[in-house]
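The hints should help you fit chain B onto chain A, whose structure is shown.
Protein chains: 2
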Amino acid sequence: MIYFTPGPSQLYPTVKKHMTSALRNEVPSLSHRSAKYQEIVSSTVVGLRTLLTIPKTHSIFFVASGTEAMERIVENCVTKNSFHFINGAFSKRFFQTSIELKKNAKKHEVAMGQGFDFEEQIIPKQTELVCFTQNETSTGVSLPMDKLYELKKQNAKMLFVLDIVSSAPYVHVDFRSIDVAFFSVQKGFGLPAGLGVMIVGPDAIEKAEFLAKKGTNIGSYHNFLSLKTFADKYQTPETPNVLGQYLLGKVIGDMLKKGMTNIRKETEEKAALLYRFFDRHNRYIPFVKEKMFRSKTVITVVIPDGSKSVVQKLKERGFVVDRGYGELKETQIRIANFPATSKAAVNKLIARM
Amino acid sequence: MIYFTPGPSQLYPTVKKHMTSALRNEVPSLSHRSAKYQEIVSSTVVGLRTLLTIPKTHSIFFVASGTEAMERIVENCVTKNSFHFINGAFSKRFFQTSIELKKNAKKHEVAMGQGFDFEEQIIPKQTELVCFTQNETSTGVSLPMDKLYELKKQNAKMLFVLDIVSSAPYVHVDFRSIDVAFFSVQKGFGLPAGLGVMIVGPDAIEKAEFLAKKGTNIGSYHNFLSLKTFADKYQTPETPNVLGQYLLGKVIGDMLKKGMTNIRKETEEKAALLYRFFDRHNRYIPFVKEKMFRSKTVITVVIPDGSKSVVQKLKERGFVVDRGYGELKETQIRIANFPATSKAAVNKLIARM
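Chains as they are written, first to last, in the working numbering: chain A, 27 to 379; chain B, 27 to 379.
No lab work stands behind these hints, which were simulated from the structure alone. Beta carbons are placed, not taken as given, at the ideal position from N, Cα and C, and that holds for glycine. Honestly, I wouldn't trust all of these hints.
Covered stretches of chain B (chain A as the covering partner; in silico rule of three or more C-beta atoms under 8 Å from a C-beta of chain A) [stated by the list, open to error]:
1. 57-65
2. 87-99
3. 126-140
4. 212-219
5. 294-306
Restricting the straight-line Cα-Cα distance to at most 27 Å, the calculated cross-link-like pairs of lysine-lysine (BS3-like) are [what the hints assert, rightly or not]:
6. A:Lys339 - A:Lys355
7. A:Lys132 - B:Lys43
8. B:Lys355 - B:Lys317
9. A:Lys133 - B:Lys240
10. A:Lys355 - A:Lys133
11. B:Lys239 - A:Lys43
12. B:Lys133 - A:Lys240
13. A:Lys291 - A:Lys106
Next comes chain A alone, as it looks inside the complex:
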């Protein structure tokens, strides 16, 4: 099967090979306090910094999932007021997380499938943290980065956090304008699930320090200060998913060899093939109307006769695509366009559609 699913997805082609080398090198038996382990993490972190152009000002923290990242960010960056741009299930999950952690979460919500008009002045003045789902996995809406940088300029004192769970490593982020970003490895990196990565800038760390001094509960082992103390020596507070960290480093190495320019170009070519096909199709219709908001990595398509039979038909032909998210389940399909699937595979998928 070729997995075009935007959840856990197709494994990056080299993962099996790296899994074999991990077992041969006894990676799962290594102590997470050993020098060998630190070398593995250092290699992963250094590779990631190069791949995503992450400046030294920003720390890299490992957690267990994107969902955990949301919790840790709210705990460590908000005394009281967070603000959320909502246009789907994952931006809503971020908002919900802030509510559950007893913060005063406010939102600006638009219909699923839509982007935002960032020219409007809607962020309340007292906001500490502004949360964006850069790529809504539930709807295939992607937010243009230049608009976000503009908004940050106008709200320089607020912390800006970016969920790039299903757009990394494709999306290019200028981290000088972003305080926190996070992703999980089972999407664009084509790895087994169970590892999340946070990229955390100095203003967010300072905020966590401020909250800690005030006596606010910022969590225990995974608060930003504890994470930073260990990250500075290429470790984690707890025994982490060592195998996941190793595999991530290896896949990053492969991606660096291929080059991000090539990966981005290929992603855009594959996305263009898919959108062109659906734009011309007589029954299937791209869900996101405004082209500037169309995700290059998660393509959502309205299937007026119902998604079930299309998903079933494709499965019989060796392709796994996902149905729509939540209430969109019956009427949409979602196709992931991650680096793990080749242009040839996308062409085959289109031919069998």
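Chain B in isolation, oriented as in the chain A frame:
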């Protein structure tokens, strides 16, 4: 190398085989909301219930680590007062977690290497949660279960939680007397790190419900109520370590085939070999003096001439043992006695000592 380390440790002998079958069956690409995934988790959970004799009253929750379990338990079981029996680094970590989460944590602390006299009445009346590290990985002290059941009877209204991180699956727990227990898979189960398991009884769930109704912050996606909603359908709130859950189920299956009676018997025989050797040794001395407190799964040994050279010597001979924990690093070694290492391997280790 044979890993006798009590952190990440020797992989259970069948893990490589199961890893291959996981990749062949495309387990890492499965959606965590699919029926196939639910079958995997159901098989793991049902197997674990049989292996550890977990009654239906208790739910099984998956988290990322034992350290995470500590945080979730304090968040969900304590309004204000926790009490901790401390005799090493991990019981101290549990206490510290409660402090960090702004609870009123009290403790009864004894020197490293010692157990407790449970006859003494030292638990304050207002205590809500009593925390025990059943097997202190840092010192090799194990607490006798019958004494804990007695104590629970005398303090029936308090929630009793048991850290069995480095004693599961060997330790036999009567869950009718225990409200919460937790372990992580990289120790006694011989699996890659990155997965923790909590076994949570009805009184602990009720406490979480009580706290939630009061408006207390019990965490977001991994609060007990959210975990239970998903666990009831063999799912997790977030995308979890699916591969870890699959491998755990497979190793549990292998352990069930072998039988817990045999595994326990073998563990005790191997522990007896090790303690007998060190009790008779003219320079190496078991750290835990009182035999009733000696762990069967983590054996700590005082090396008066220094641990470094012994660890090095054994490494050259193909055996990895750990040095003492923290301040005991220079003067002790720690030998894990988990099901993954055979009696023959233990005999070899002793012969090369």
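To see whether the hints hold, each was checked on the structure:
Closer than 8 Å: that is the beta-carbon criterion, and the region 57-65 of chain B has 3 residues meeting it against chain A, so the requirement of 3 holds. A stretch counts as covered by a chain when three or more of its residues have a beta carbon under 8 Å from one of that chain; for the region 87-99 of chain B and chain A the count is 8, and the coverage holds. Counting residues of the region 126-140 of chain B whose beta carbon lies closer than 8 Å to any beta carbon of chain A gives 3, which reaches the threshold of three, so the coverage claim holds. Under the rule that three or more residues need a Cβ within less than 8 Å of chain A, the assignment of the region 212-219 of chain B holds, with 4 such residues.
Residues of the region 294-306 of chain B with a Cβ under 8 Å from some Cβ of chain A number 0, which does not satisfy the need for three, so the listed coverage is violated. Of the pairs offered as hints, the one joining A:Lys339 and A:Lys355 holds, with about 16 Å between alpha carbons and a cut-off of 27 Å not exceeded. Our distance criterion of 27 Å between C-alpha atoms is broken by A:Lys132 and B:Lys43, whose separation comes to about 50 Å. Restraint check for B:Lys355 and B:Lys317: the C-alpha separation of about 22 Å stays at or below 27 Å, so the hint holds.
Distance restraint check for A:Lys133 and B:Lys240: the Cα-Cα separation of roughly 25 Å lies within the 27 Å cut-off, and the hinted pair is therefore satisfied. Between A:Lys355 and A:Lys133 the CA atoms are separated by roughly 25 Å; this keeps the pair inside 27 Å, and the hint holds. At most 27 Å may separate the alpha-carbon atoms for a hinted pair to count; B:Lys239 and A:Lys43 exceed this at roughly 50 Å. With a C-alpha separation of about 25 Å, the suggested pair B:Lys133 and A:Lys240 falls inside the 27 Å cut-off, and the hint holds.
Restraint check for A:Lys291 and A:Lys106: not satisfied, since their Cα atoms lie roughly 42 Å apart, outside the 27 Å limit.
When each numbered hint is compared with the structure, violations occur for hints 5, 7, 11, 13.
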